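**Student:** Chains as they are written, first to last, in numbering that gives the first Met the number 0: chain A, 0 to 312; chain B, 0 to 619.
Hints in this document: simulated from the structure, not taken from any laboratory. Quick caveat: nothing in here was measured; it's all calculated off a predicted structure. Glycine included, every Cβ here is placed at the ideal spot set by N, Cα and C.
Here's a subset of chain A near chain B, in silico, CB distances under 8 Å, partners left out:
1) Asp119
2) Arg121
3) Gln129
4) Gln137
5) Leu140
6) Ala145
7) Gly148
8) Tyr152
9) Gly200
10) Asn204
11) Arg239
12) Thr246
13) Thr247
14) Cys253
15) Leu254
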Amino acid sequence: MMKLNFANANIDFLGQRRIALSVSAVLLVASILLLVFRGLNFGIDFTGGTLIEVGYPEPVELEEIRDQLEMGGFDRATVQNFGTSRDVLIRLAPREGEESAELSEEVLQVLRSGGPEGVDLRRVEFVGPQVGDELREQGGLAMLYALFGILIYVALRFEWRFSLGSVAALVHDVTITLGIFSLFWLEFDLSVLAAILAVIGYSLNDTIVVYDRIRENFRRLRKDAVEKVMNKSVNQILSRTIITSFTTLLVLFCLFLLGGAVIQNFALALIIGVLVGTYSSIYVAAALALVLGVDRTVMLPVKKEGEELEEQP
Amino acid sequence: MNAYPSWKYLLIVVVILVGLVYSLPNLFPEDPVVQIAHSVTDEVDEDTRMQIRAILEGRGVDIKAEEFDGSQMMLRFDSTDDQMRAADILRTALPDQHSVGLNLAPATPNWLRAINARPMSLGLDLRGGVHFLMEVDMDAVGDNVAERYTSEFRTVLRDERIRYLAVERDGSSVEVRFEDQASRDEARDLLRREYRGDLDFSTRQSGDTHILTANISSDQLDAQRRLALQQNITTLRNRVDELGVAEPVIQQQGENRIVVQLPGVQDTARAKEILGATATLEFRLVDEANDPFEAERTGRVPANSRLYYERDGNPVLLQRRVMLTGDFINDASSGIAQDTGGAAVFINLDGQGARIFSRVTGENIGRLMGVVFIETTTETVEEDGEMVRQTTRSEEVINVARIQDQLGRRFQITGLDSTREARNLALLLRAGALAAPMSIVEERTVGPSLGQDNIERGFNSVIIGFALVLVFMALYYRAFGLVANVALTLNLVLIVAILSMLQATLTLPGIAGIVLTVGMAVDANVLIFERIREEIRNGNSPQASIQAGYARALSTIADANITTLIAAVVLFMFGTGPIKGFAITLSIGILVSMFTALMVTRAIINLTYGRQRRLKTLSI
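All chains, please: the whole structure from these sequences, using the hints.
**Tutor:** Printed below as a string of structure tokens:
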């Protein structure tokens with residue numbers, strides 16, 4: 000019988016809370032510094048500009064395409080492979096006062112007029128600078144509103160210390176994921192924003208499961224110390240945590256490896272987020288609630304539908 | 000011991016059946032079709048249909064199927080290549096009165112169509128096509144409206160023989176200067192009557208001149224802006240129809256933007272040209288007293304006239320005074336003139352336009368009137384490091400005809416060469432008037448090869464990821480894992496069914512959303528199964544463990560899913576386009592996975608183990 004045996008696991012998760020919280024704090028500060036001083040490699044969704052993806056029947060030399068574009072007057076174009084050596088991504092930064100959507104046509108004309116044979120237009124994206132600005136604003140706002148909604152819901156369902164812990168874990172996950180995107184200079188586009196928001200959902204899911212078990216055990220194991228109860232709770236659901244993360248990652252790796260270049264960064268953001276999110280549910284969300292002084296008395300006054308279910312055999 | 004009341008089983012069976020039926024249409028691919036209609040008789044007759052078949056057969060284009068609904072003929076093809084070829088051939092081969100349109104028709108069997116079961120539509124990233132976001136220049140709306148009033152004031156004051164010094168536009172207000180107070184007051188009373196409610200008039204004196212200022216009320220300006228946006232949307236729709244695009248999307252976004260999505264369109268240059276141009280019409284009297292060729296040769300144009308050119312290049316002199324602008328046109332259609340039997344365009348004016356036009360045409364019966372088509376393209380270019388809006392304006396006379404009668408709300412323009420020209424003119428009149436200039440602020444084009452690629456890769460990654468999860472679950476949880484697998488599969492079917500029912504558009508992030516849901520849907524089952532294992536380890540009987548496992552996991556699953564749902568709803572509210580698609584699939588996925596993971600698996604387990612009182616072990 001295949002079984003991960005965590006039934007008797009007794010790892011002192013919360014005993015390591017000082018180390019864990021320090022590690023998280025360091026990572027968090029490092030990420031924030033990266034974001035402030037290095038920033039994100041925003042895609043044209045956010046910065047505005049023109050992006051053209053072309054495909055060739057044979058692998059092409061990027062140098063050749065660069066030369067060709069330069070001769071055509073596009074010396075500011077960045078040219079790179081996208082996915083395979085036959086696919087080429089050309090980026091034109093927005094230039095002050097130039098928002099003409101005709102640009103893509105001109106680039107295509109230049110590419111068709113010489114250089115490697117058989118160029119095939121695969122994708123054009125043009126985003127005006129004002130649209131990009133708005134999106135950045137809206138994306139940030141969406142994230143803030145999501146956090147706020149979650150803060151309220153968790154405070155209602157659990158308690159403010161849990162609520163604070165869960166939101167701290169979310170901020171932690173999002174910031175570190177963004178920090179990794181900044182560190183490796185990975186492109187941050189609309190789909191990555193969607194992934195980050197999905198990370199919020201996933202990480203939260205994980206945190207709530209941990210909290211739920213802690214709440215249940217607070218009511219059942221009245222004699223044990225708070226830290227012991229919390230440790231026990233995390234250990235009890237350890238196999239669930241691992242299996243769920245594993246299956247989710249299984250799917251995400253399929254997306255990352257097989258989904259094509261367009262959703263590669265989307266999948267990557269989620270993979271990072273799921274890993275960090277699983278870690279933070281235990282080491283940030285639960286640990287912080289403990290540090291903030293959660294104990295079983297805060298749980299008792301709340302009458303919940305979960306309680307009557309527990310009375311059943 | 001563990002049993003559901005029969006209504007729950009029934010509910011589950013019903014949901015599964017409905018889900019299967021409504022997800023079914025997605026298994027039938029869409030056929031590219033060509034639609035042929037007759038614009039005059041509204042029926043493609045038997046002869047023409049035979050002719051069409053013969054033409055296509057002669058050129059070696061295979062028709063997959065043919066349908067005729069009494070008026071339109073629809074031809075299905077195996078590929079879009081065949082479809083495009085057929086459309087090109089038919090456009091040149093068929094007589095004028097036929098319109099040839101491209102479309103996609105689902106190959107859904109009739110019984111499914113009868114219950115409104117239709118496949119999901121595919122987003123541009125999966126199908127290929129163009130997406131434009133266009134911004135309407137709202138400042139120009141106020142200017143245009145004021146400009147219109149300026150020329151109307153001149154006409155009205157001149158007609159009523161009120162002497163004025165000048166009529167000038169100042170931003171979105173109009174200033175009229177008079178020599179004496181009496182004329183000003185007379186003009187004020189007259190204009191007030193004419194433009195009741197639309198304009199606020201005020202008077203002042205500056206030196207010797209008496210000034211009358213007309214301000215467009217802010218309500219009126221807002222209304223004009225909304226109207227302009229609506230009119231631009233209508234115009235875009237008409238122009239897109241002209242492009243012959245299947246299932247275009249043209250929608251308002253925010254207060255001053257319009258989204259245009261044209262699936263399948265590859266010629267973005269032409270699409271931009273047609274969508275971006277601003278066009279309007281003016282009706283002017285022809286200056287019949289002077290010779291236009293003479294004016295062209297000498298370059299001396301009479302003071303009250305302007306030199307225009309017709310489409311064939313002939314010069315024509317039109318009076319400077321505008322009789323009517325195209326802003327007043329409500330509708331235009333083409334047809335046959337009843338008296339002469341020739342081609343004609345029927346024009347409908349709005350109330351104000353009708354009043355003005357009936358007056359000015361009544362005074363000019365028997366004279367020639369020219370219709371001027373004005374097209375403006377706006378482009379922002381860099382000039383000395385500064386952003387400059389450059390406007391190119393082209394004006395041409397599309398038609399000159401004699402005014403035969405006093406014209407009112409509805410009139411016709413005759414003297415056109417063919418019904419085709421009439422149809423084009425009607426289209427230009429209907430579609431021609433963009434109320435305000437627009438610029439493209441966002442463009443996304445996806446080539447068909449990339450679309451195909453995205454579909455294949457997207458679906459492949461879903462299927463492989465899904466299969467791996469199924470294998471893992473079966474190995475890890477054995478019999479219970481198989482039950483979970485049934486639930487997961489059903490999960491996928493139901494998501495597809497709901498997306499089809501909502502007629503949602505499936506995009507690449509949407510597929511990713513589905514994949515993510517699959518990964519997360521497993522979580523609910525894992526929570527339950529781990530709980531059951533735990534209960535068994537604690538020494539509980541299998542039946543009690545099942546009971547407790549489901550009961551205790553419930554609040555966890557509910558809490559976890561509701562919080563994720565909050566995130567999804569926020570995404571939906573603040574996101575645009577692809578993010579919205581992702582949020583929709585995620586939300587549906589969460590709701591569906593709660594149903595399948597809690598109810599469906601429980602029902603199966605109840606049916607399998609529920610009645611075995613002496614159950615010793617569970618295959619978990």
